[in-house]
Amino acid sequence: GQSLEQPSEVTAVEGAIVQINCTYQTSGFYGLSWYQQHDGGAPTFLSYNALDGLEETGRFSSFLSRSDSYGYLLLQELQMKDSASYFCAARPGGYQKVTFGTGTKLQVIP
Amino acid sequence: SAVISQKPSRDICQRGTSLTIQCQVDSQVTMMFWYRQQPGQSLTLIATANQGSEATYESGFVIDKFPISRPNLTFSTLTVSNMSPEDSSIYLCSVEAGTGENEQFFGPGTRLTVL
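Protein chains in written order, with the working numbering: chain G, 1 to 110; chain X, 1001 to 1115.
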């Protein structure tokens, strides 16, 4: 089976940096994705890591360590609009279904 | 990329009735996915719909309760049958757009309330 664990809630100050962790246990592993979902909205894709290391996309970066079965999403220069839920997601193989993590609700405060 | 629309956006239904949710994609895709999301919870995959074949259901979901149609490469429907209040949830349609980056695109969702 697949399981991806995340902290349920994180609070951070506007302008700061926050890290959202994801630890996974999967029977196989193809890569780790991150999605953002605002209240009442649909999940939207943020990033994907197939290889170990850091991927940077603007204010957002994502990191993967296959040996540790661990990844994180790093959000820099936090803005109020970053308040949302964030989900990691993984698939065991190239054409197999994706499993989503438990989700982290990020609250950005002034 | 892919743009997905769903109908209805929300509905309030009586227990024992059925509701069919439609999902339309602006491009042809091989697989379409149906998810359920309880408020404040993660996404749970109900089934994968392939054109021309029976849908593949995940553990805990059965065809009699959630029949799925996939008549062509841009359209799918999910029916929630014989509804009970436990079926109250958001139902999301999703596709992979084949970008090579394992990106899934989601429809806006259907918010279902069963009384």
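What the hints contain is simulated information worked out from the structure, not anything from laboratory work. Heads up, a few of these hints could be off.
[What the hints assert, rightly or not] BS3-like cross-link-like pairs, simulated, lysine-lysine; straight-line CA separation at most 30 Å:
(1) Lys1007(X) - Lys97(G)
(2) Lys81(G) - Lys105(G)
(3) Lys81(G) - Lys1007(X)
(4) Lys1065(X) - Lys97(G)
(5) Lys1065(X) - Lys81(G)
(6) Lys1065(X) - Lys1007(X)
Hint check against the structure, violated hint numbers in rising order: Number 5 only.
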